[in-house]
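The whole structure should be built from the sequences, with the hints applied where relevant.
Given next are the chains, with one letter for each unit.
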Amino acid sequence: MFGGLHAPRALPDAGALLAVARSFTPRVEARAPTPVLLDLSGLGRLWPTPQELGRALLDAAAARAIEAQVALAFTRETALVVARACPGLTVVAAGGEAVALAPLPLALLELQAEQQELFARWGLRTIGDLARLPPAALAARLGPEGPRLVHRARGEDAGAFVTAAPLPERFETTLELDWPVEGRDPLAFLLSRVLEPLTTTLAARGAKAAALAVELGLTDATTHARTLRPAAPSGDARTWRTLVLLDLEAHPPRDAIARITLRAEPTPARAAQFSLFDPAQPSSEKLAETLARLHAWTASGRCGSPQLLDTHRPGAFAVQSFAPGPLPRGTPTPALPAARVALRAYRPARLAHVLTKAGVPTFVSAPGLRGAVATAAGPWRVSGDWWDEAFSREEWDVALRQPGAAAAGNGAFRLFLDRMRGEWFVEGELD
Amino acid sequence: MSAATLPATLRWTSFEDEGFSYPERRAEGTGAVLEPEPAAASGAERKRVLEDLLRARRLQADEPPLRGEDRRQRPLATGIAELDAILSGGFPRGELSEIHGPASSGRTGVLLALLAHTTRTGALAALVDPLDRLDPASAAAAGVDLARLLWLRGARHRGCAGRPSGASGSGEEPQAKTLADATAAVATLAGSGLFDVVALDLAGADHERRRLPSTTWLRLQRFVEDTTTALMLVADGHVACSPGGRTLALEPAGLRFSGPPGPACLLTALTARARGGRHGLRTAELALAAV
Numbered sequence: 056m057f058g059g060l061h062a063p064r065a066l067p068d069a070g071a072l073l074a075v076a077r078s079f080t081p082r083v084e085a086r087a088p089t090p091v092l093l094d095l096s097g098l099g100r101l102w103p104t105p106q107e108l109g110r111a112l113l114d115a116a117a118a119r120a121i122e123a124q125v126a127l128a129f130t131r132e133t134a135l136v137v138a139r140a141c142p143g144l145t146v147v148a149a150g151g152e153a154v155a156l157a158p159l160p161l162a163l164l165e166l167q168a169e170q171q172e173l174f175a176r177w178g179l180r181t182i183g184d185l186a187r188l189p190p191a192a193l194a195a196r197l198g199p200e201g202p203r204l205v206h207r208a209r210g211e212d213a214g215a216f217v218t219a220a221p222l223p224e225r226f227e228t229t230l231e232l233d234w235p236v237e238g239r240d241p242l243a244f245l246l247s248r249v250l251e252p253l254t255t256t257l258a259a260r261g262a263k264a265a266a267l268a269v270e271l272g273l274t275d276a277t278t279h280a281r282t283l284r285p286a287a288p289s290g291d292a293r294t295w296r297t298l299v300l301l302d303l304e305a306h307p308p309r310d311a312i313a314r315i316t317l318r319a320e321p322t323p324a325r326a327a328q329f330s331l332f333d334p335a336q337p338s339s340e341k342l343a344e345t346l347a348r349l350h351a352w353t354a355s356g357r358c359g360s361p362q363l364l365d366t367h368r369p370g371a372f373a374v375q376s377f378a379p380g381p382l383p384r385g386t387p388t389p390a391l392p393a394a395r396v397a398l399r400a401y402r403p404a405r406l407a408h409v410l411t412k413a414g415v416p417t418f419v420s421a422p423g424l425r426g427a428v429a430t431a432a433g434p435w436r437v438s439g440d441w442w443d444e445a446f447s448r449e450e451w452d453v454a455l456r457q458p459g460a461a462a463a464g465n466g467a468f469r470l471f472l473d474r475m476r477g478e479w480f481v482e483g484e485l486d
Numbered sequence: 143m144s145a146a147t148l149p150a151t152l153r154w155t156s157f158e159d160e161g162f163s164y165p166e167r168r169a170e171g172t173g174a175v176l177e178p179e180p181a182a183a184s185g186a187e188r189k190r191v192l193e194d195l196l197r198a199r200r201l202q203a204d205e206p207p208l209r210g211e212d213r214r215q216r217p218l219a220t221g222i223a224e225l226d227a228i229l230s231g232g233f234p235r236g237e238l239s240e241i242h243g244p245a246s247s248g249r250t251g252v253l254l255a256l257l258a259h260t261t262r263t264g265a266l267a268a269l270v271d272p273l274d275r276l277d278p279a280s281a282a283a284a285g286v287d288l289a290r291l292l293w294l295r296g297a298r299h300r301g302c303a304g305r306p307s308g309a310s311g312s313g314e315e316p317q318a319k320t321l322a323d324a325t326a327a328v329a330t331l332a333g334s335g336l337f338d339v340v341a342l343d344l345a346g347a348d349h350e351r352r353r354l355p356s357t358t359w360l361r362l363q364r365f366v367e368d369t370t371t372a373l374m375l376v377a378d379g380h381v382a383c384s385p386g387g388r389t390l391a392l393e394p395a396g397l398r399f400s401g402p403p404g405p406a407c408l409l410t411a412l413t414a415r416a417r418g419g420r421h422g423l424r425t426a427e428l429a430l431a432a433v
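Same order as they appear, the protein sequences are chains A and B.
The letter at position 345 of the first sequence is residue 400 when you use this note's numbering, and the numbering goes up by one with no holes.
The letter at position 158 of the second sequence is residue 300 when you use this note's numbering, and the numbering goes up by one with no holes.
There could be a bad hint or two in this list.
[Said to hold, decoys possible] In silico contact screen, one side only, chain B against chain A (beta carbon under 8 Å); selected entries:
id	residue
1	Ala327
2	Thr330
3	Trp359
4	Ala432
[To be verified] Chain B residues, not near chain A, derived (Cβ > 12 Å throughout):
id	residue
5	Gly185
6	Pro355
7	Ala382
[Claimed, not checked] For the chain B half of the interface with chain A, some residues (derived, Cβ under 8 Å), not all of them:
id	residue
8	Ser246
9	Ala284
10	Leu292
Keep in mind that the hints were calculated from the coordinates and are not lab data.
Using N, Cα and C, we set each Cβ at its ideal position, and we do this for glycine too.
Given below as structure tokens:
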């Protein structure tokens, strides 16, 4: 059995009627704010008669200040059309769909404008007039749409019931404080009171919080708003409490706190199936907490994983958020290259004064280093990005004979000549 | 209680007791009767054999540790055979160790080799770099899994007029606050228990490093005690080493080039002499490839 729920007057909230319908059954179809179609299968166990069920629908709508019209029928088309037409509660018995629809105006079928005009010229005024037309003859004039209209007029359904998407659930909680709060300890206690039920609700929905919006109403009538988004979702109240406290330590509110509002952004919780033979993975909550404690480094963007960029520009890299994922299953342990010399980079590169002979550096003087070049290897010319910010340089690896140092203690450095600017720089030391 | 005193319902019986006998096993070809197989091993014996097989398959020195395995007994190897030999397998976990030496002695290359060996098994490593010296390209070339390396970079400071690390006098000195923040970050990382290696690169910050309280290293050592984290210091000279840690002292032994100075000359290797072990009595020659 199906139920049609229609609000003839404008609704204060577009989703109000849908919310009323959802309070009875999740199988609801709504193509517009009104009318709404309900699949009443199974509700006979709660309301033995259609009249009781219809009365319950009207009462639920009235509780939300909605003046509704309810129709119960055994076809979807009949329930929708009768709900639009008849005030109050209407119950259409099985087999009586065509009779119930016959006297109703044709406009209730929600026809296209040209179809309405055509039927008006033909003298059709009611749904019954359309239902009496032969489908085959109407097909010859209107195409396949003709027989569909005749079947609708007779109260017959076409197509399947399409359940509307579920309303998004809000995970939000607010706590009004009896007196303003300052300080970490009382705030920690209050945050626990607020976070425990929030995380419990999330867990009951099989979700975790990917982000948490914290709004603190202050005594000076302002709002201190922060949004925390750790690398991995968490459903642990203690972890979120620690993250919130660390964030407030780094960004303290200007005044005492009078109200706490927390809003969680839900994400499906995914269970991780660990294997006996895979390396143990770090706890995402522990990692998020550790990174939060390093907020002084993360806030300035100086904490994360280095990432090489897809460019030939020397020294190009980015620092991305530290989020090590699990190793893919079956990943063989890669063979490591032989131990290599590494560059200790100077940032920025140090401007140097270099004496050359036949283009080969012979003496280098730069902040922090000075000496004759014992051996020079190079040059290697590197250039690129001509379409953007071009670079062109000539690189040398040099061993500097520094005053007071033994021959074996000659430091090794990387120099480069910026050919665009004609200046020498020390890029770093080879170590 | 011997088997003879057990109630009849509980006594073990064998096929022979029930009147059955195993068929004779004959060798193919000759038809000679083979000796019967030894009796089935006891449960404890079977368990030992299975555990040996499991250990041989998965618990090799360079394989990732299994979940729940006590990794504190497995030192962190650098992957450089000469150094691992003088370090008795590597740097011990739960201890404070150090790598020190002057400029171009191979400290950074050894550190990156250690980080590469650690991250390739899926473990995490952290590098606190107050002077912002790490070159990601060098790290990637050394085999470090950059996604598993947490890098904390010191902020740039103005008026840099320092000298290369290891030179006499002051180097490029970070502000005292930078080093204090760095040691606080090391304490946070070491105490989290998430990282197999936490390294603090102090090379080039000799002057400011001396201004830190002497108890700093003792406090950091306490954070890693009884954990699986190895705390590493990289510096120009000796800083600190816990009683169970290892000191690796590097001394430059010269650079190797592919030929006489000229357009085709390449830097091929950086050589160094390494002293290691608990009392620094073991030595080795180290060569880091440059190409």
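Each hint, compared with the structure:
Hint on alanine 327(B) holds. Least Cβ distance to chain A is approximately 6 Å, under the 8 Å limit. Given hint, threonine 330(B) at the interface with chain A, holds; its Cβ is 5 Å from that chain's nearest Cβ, closer than 8 Å. Residue-level restraint check for tryptophan 359(B) is violated (minimum Cβ-Cβ distance to chain A is 20 Å; threshold 8 Å). Interface hint at alanine 432(B): satisfied, since its Cβ lies 4 Å from the closest Cβ of chain A, which is below the 8 Å cut-off.
With a minimum CB-CB distance of about 21 Å to chain A, glycine 185(B) clears the 12 Å threshold, and the non-interface call stands. A cut-off of 12 Å between C-beta atoms confirms that proline 355(B) is not in contact with chain A; the least separation is 20 Å. With a cut of 12 Å on Cβ distances, alanine 382(B) stays outside the contact zone with chain A, its closest approach being about 21 Å. Proximity of serine 246(B) to chain A holds as hinted, the smallest CB-CB distance being about 4 Å (cut-off 8 Å).
Annotation: interface hint on alanine 284(B) holds; nearest CB of chain A at approximately 5 Å, less than 8 Å. A distance limit of 8 Å between C-beta atoms decides the matter here; for leucine 292(B) the minimum to chain A is near 5 Å, and the interface restraint holds.
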